[in-house]
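If you're matching them up, the sequences are chains S and V in order.
According to the working numbering, the first sequence is numbered sequentially starting from 10.
According to the working numbering, the second sequence is numbered sequentially starting from 10.
Rather than coming from a laboratory, the hints here were simulated on the basis of the structure.
Owing to the predicted nature of the structure, the values given are computational and were not obtained by experimental measurement.
All copies of an identical chain are treated as equivalent in the list; a pair is satisfied when it fits inside any one copy or across any two copies.
With a straight-line Cα cutoff of 30 Å, these simulated DSSO-like cross-link-like pairs (lysine-lysine) come out:
(1) K27 x K73
(2) K52 x K244
(3) K397 x K52
(4) K114 x K132
(5) K114 x K45
(6) K244 x K336
(7) K397 x K132
(8) K417 x K52
(9) K397 x K417
(10) K73 x K42
(11) K402 x K42
There are 2 protein chains.
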Amino acid sequence: MRGFQTFNPQLNDFNPIKYCSSTYEEVELALEKSQKAFLSYSKTSPTLRSELLLQITQELETAKSTIEAFYCSESGLSNARFEIEFTRTIFQLTSFSDFLLNNWKQLETYTPASQNLPSLRKKPRAIGPVLVMGSSNFPLAYSTIGGDSVAALAAGCSVVVKAHPMHVGTSLEVSNCILSALRKLNLEEGIFQHLIDDGFQVATQLITDARIQAVGFTGSIRGGRAIMDLASKRKSPIPVFAEMGSANPVVFLENGYEEKINHFAPLFAGSICNDAGQFCTKPGLFFIPKSEKGNELTTRLIEEVIEYTSFYMLHPSIQNNFELLKKERESLAANSWIEKKGKLKPLQGRQAILQVDVKEFLAHNQLQEEVFGPFALIISYENSVELKTCLAKLGGQLTGSIVGDSSKSPDFDEVVDLLALKVGRIILNGIPTGVRVDDAMNHGGPYPASSDSRFTAVGTQSITRFLRNLTFQNFD
Amino acid sequence: MRGFQTFNPQLNDFNPIKYCSSTYEEVELALEKSQKAFLSYSKTSPTLRSELLLQITQELETAKSTIEAFYCSESGLSNARFEIEFTRTIFQLTSFSDFLLNNWKQLETYTPASQNLPSLRKKPRAIGPVLVMGSSNFPLAYSTIGGDSVAALAAGCSVVVKAHPMHVGTSLEVSNCILSALRKLNLEEGIFQHLIDDGFQVATQLITDARIQAVGFTGSIRGGRAIMDLASKRKSPIPVFAEMGSANPVVFLENGYEEKINHFAPLFAGSICNDAGQFCTKPGLFFIPKSEKGNELTTRLIEEVIEYTSFYMLHPSIQNNFELLKKERESLAANSWIEKKGKLKPLQGRQAILQVDVKEFLAHNQLQEEVFGPFALIISYENSVELKTCLAKLGGQLTGSIVGDSSKSPDFDEVVDLLALKVGRIILNGIPTGVRVDDAMNHGGPYPASSDSRFTAVGTQSITRFLRNLTFQNFD
Chain S
10 MRGFQTFNPQ
20 LNDFNPIKYC
30 SSTYEEVELA
40 LEKSQKAFLS
50 YSKTSPTLRS
60 ELLLQITQEL
70 ETAKSTIEAF
80 YCSESGLSNA
90 RFEIEFTRTI
100 FQLTSFSDFL
110 LNNWKQLETY
120 TPASQNLPSL
130 RKKPRAIGPV
140 LVMGSSNFPL
150 AYSTIGGDSV
160 AALAAGCSVV
170 VKAHPMHVGT
180 SLEVSNCILS
190 ALRKLNLEEG
200 IFQHLIDDGF
210 QVATQLITDA
220 RIQAVGFTGS
230 IRGGRAIMDL
240 ASKRKSPIPV
250 FAEMGSANPV
260 VFLENGYEEK
270 INHFAPLFAG
280 SICNDAGQFC
290 TKPGLFFIPK
300 SEKGNELTTR
310 LIEEVIEYTS
320 FYMLHPSIQN
330 NFELLKKERE
340 SLAANSWIEK
350 KGKLKPLQGR
360 QAILQVDVKE
370 FLAHNQLQEE
380 VFGPFALIIS
390 YENSVELKTC
400 LAKLGGQLTG
410 SIVGDSSKSP
420 DFDEVVDLLA
430 LKVGRIILNG
440 IPTGVRVDDA
450 MNHGGPYPAS
460 SDSRFTAVGT
470 QSITRFLRNL
480 TFQNFD
Chain V
10 MRGFQTFNPQ
20 LNDFNPIKYC
30 SSTYEEVELA
40 LEKSQKAFLS
50 YSKTSPTLRS
60 ELLLQITQEL
70 ETAKSTIEAF
80 YCSESGLSNA
90 RFEIEFTRTI
100 FQLTSFSDFL
110 LNNWKQLETY
120 TPASQNLPSL
130 RKKPRAIGPV
140 LVMGSSNFPL
150 AYSTIGGDSV
160 AALAAGCSVV
170 VKAHPMHVGT
180 SLEVSNCILS
190 ALRKLNLEEG
200 IFQHLIDDGF
210 QVATQLITDA
220 RIQAVGFTGS
230 IRGGRAIMDL
240 ASKRKSPIPV
250 FAEMGSANPV
260 VFLENGYEEK
270 INHFAPLFAG
280 SICNDAGQFC
290 TKPGLFFIPK
300 SEKGNELTTR
310 LIEEVIEYTS
320 FYMLHPSIQN
330 NFELLKKERE
340 SLAANSWIEK
350 KGKLKPLQGR
360 QAILQVDVKE
370 FLAHNQLQEE
380 VFGPFALIIS
390 YENSVELKTC
400 LAKLGGQLTG
410 SIVGDSSKSP
420 DFDEVVDLLA
430 LKVGRIILNG
440 IPTGVRVDDA
450 MNHGGPYPAS
460 SDSRFTAVGT
470 QSITRFLRNL
480 TFQNFD
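My request is simple: use the sequences and hints to build the entire structure.
If you want it as structure tokens, here you go:
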């Protein structure tokens with residue numbers, strides 16, 4: 010029996026509880042229960058599923074302080090951040106609850122018989138048992154009862170969660186809330202299964218099992234791709250929605266920001282540094298013109314980043330990886346390397362910023378890759394040709410931001426077009442972090458930002474990841 | 010330079026024209042043009058794309074008799090079938106043309122700014138250049154300007170067609186119509202590229218090229234899976250929609266058909282035999298009760314099938330494969346093997362039917378696999394337990410049909426539930442062939458019926474296979 014502990018970044022020590030990874034037999038049993046529960050749960054009314062989601066919010070509210078204690082001690086995230094993420098998690102549950110009551114019926118399409126043609130009624134249908142992998146950086150909103158689980162439960166899928174090993178305690182507390190809600194509504198407990206592992210064994214067993222019909226994942230490109238590969242090699246391949254890496258480019262156009270340097274420099278510094286930059290939409294690449302005002306902005310942005318508060322990172326392994334990637338970046342252009350100085354607590358992420366010109370940027374492909382943590386790269390460009398050359402070379406991204414003024418920038422439309430080819434969301438004169446939970450939100454993007462650019466991970470439309478259609482012909 | 014000819018099943022001889030497979034350089038050029046054309050075409054208005062689709066219908070109407078001559082001489086399909094498929098192809102084009110005018114805007118979602126939250130506008134966006142592989146059995150409706158190409162062009166994708174080698178002449182004629190329509194609307198010819206190959210070289214080059222962003226395919230499980238595997242191993246994996254094999258089970262419940270044996274026996278015999286059963290929805294498995302009336306139905310169905318007209322098969326290779334699979338089936342249960350006797354033209358498909366009991370059916374897994382051609386398997390079941398055991402063992406299917414009466418059959422709901430787990434469409438008291446082109450139609454199903462059960466290949470909703478979303482934040 011393998012055992013492991015979660016880690017408290019604030020105390021720089023392991024938390025006392027020892028967790029055991031689920032055994033092969035436990036996983037097998039969970040799959041069996043999940044499959045069985047799917048058969049009945051997928052036939053429940055949208056109203057009942059709506060009630061379930063609301064009941065889960067009540068259970069979460071009741072357990073809130075316990076969850077908070079685990080959340081903070083297992084992630085190093087602050088109580089303030091807990092409040093934000095808790096509120097968001099509740100909002101996601103109530104959004105889907107409302108969707109089931111008000112919009113589920115609209116997913117149905119009916120065409121009456123006419124002449125010799127039969128009547129058709131197309132209905133949405135849960136795809137099957139769904140595996141949700143907890144994510145490291147959102148112990149609530151993208152984990153046990155995060156966006157993927159809520160969308161899958163709303164669709165009528167049974168859910169098997171593989172808890173993220175960095176916050177198993179939080180995950181177990183949340184899991185208990187879900188199980189309690191199921192019991193109160195007299196629903197099978199098999200609808201929600203919770204498994205634990207600090208390695209890849211449990212996940213591999215789950216992904217390759219014929220009973221699992223879809224996977225939801227938020228994390229690294231390496232992790233997401235490994236899941237995609239396992240899923241596509243199955244006898245019956247299954248859809249994987251993986252929201253993976255993104256460097257989230259920010260373009261300062263040649264004109265349009267000059268009067269607002271004092272506004273944008275601290276705004277973007279916060280977007281880079283808050284919660285140690287551990288967000289999928291953290292802006293990591295800044296294209297800034299080489300000009301008097303551009304240089305002023307660059308200087309201000311660097312200052313603001315370096316002076317920003319340092320936040321705890323989620324786990325020593327994440328901090329180690331951050332330091333490793335920083336060293337790699339530093340070695341590429343050491344002369345323009347700027348890092349926060351002074352004494353920090355052991356687990357606080359030491360923010361850094363690197364400035365390169367376009368030639369250097371284009372010479373080193375890894376410079377455009379995501380660094381998970383409070384780091385950003387500034388690419389100083391001479392002219393719009395250089396800028397557009399860089400944008401054309403970018404890989405898929407969750408977001409791209411533009412700072413400027415469409416009326417003053419002759420390149421505005423072209424830059425929008427170039428970004429549009431690469432990203433899932435374009436932000437004008439604003440920061441990419443703080444993803445609004447809404448049906449007009451698109452959270453996803455061309456590979457490797459996500460595994461399938463046709464779907465979103467945020468908003469109730471994310472339910473389509475876990476729904477298929479079934480047409481009933483001649484049934485009326 | 011490899012050269013090959015198409016084959017005329019009616020004359021049992023090759024057609025005179027010799028076609029050359031596209032070279033590596035030609036494919037490369039097509040990809041380059043397609044990529045370039047995508048950049049402008051993806052920005053065109055839905056109105057312009059709607060006009061393009063209508064213009065294509067006009068060009069097809071003008072070239073109709075030439076297309077018809079190629080179509081019949083390259084497929085062995087009749088002039089009557091040509092008319093049906095041509096009409097369907099035109100209907101698909103006009104449906105999407107209407108969709109672009111009336112429904113495209115509804116794909117957009119807008120949420121205004123409120124409090125501290127930004128405004129969001131989510132817009133559909135063409136996924137990129139799409140590869141469409143022509144299918145053997147629908148030279149028009151699922152090939153060069155078939156469902157996949159029309160959906161992709163409507164979405165704003167440039168399209169690269171790899172013509173099916175069995176009907177290259179038809180494909181070239183249709184391709185000319187599309188190019189002519191593009192010219193008349195002053196659109197880049199690169200929007201539509203037409204390539205030829207009688208092997209897998211061109212397809213492999215296309216699928217593995219980074220510029221191709223999605224694939225549409227209709228054909229065998231083996232072919233579809235090969236494409237899925239190539240696509241999922243790319244550096245940037247891409248979505249593949251493959252509509253593949255299906256045995257299309259038909260369940261006669263214990264009660265409810267007895268008065269209509271004379272109606273159902275010839276109806277299903279036609280569905281098995283028409284156009285030599287070369288349809289993805291041809292019913293291939295019949296579950297019929299062992300009872301006086303069930304046996305009467307079995308006898309009648311066998312008679313009707315054996316006495317049915319024999320149709321030409323599409324190509325000697327398809328006929329060879331059909332004969333091979335028939336021999337395999339015959340060897341499994343030779344004593345109940347019934348095949349049409351007498352002299353047929355060389356390329357006419359000789360229909361056959363095999364009757365087994367449930368024990369035999371469950372003992373040989375290959376009995377549930379599709380046989381492409383005029384063949385069906387009758388599984389005589391003793392009771393509803395046997396029936397349900399069989400249904401639970403089935404793989405993914407495009408369709409499942411039920412003959413019976415919900416008010417008279419205690420098992421009705423359970424059989425619907427069992428089929429619902431396996432199929433994309435359930436037909437009550439009707440045949441699965443003749444797929445109505447409509448938005449309430451679902452043409453697809455769990456693997457291996459299709460590569461992704463969340464999408465349909467028929468109806469304007471099939472456009473979602475080739476669309477992603479892009480959200481504009483703060484743009485108003």
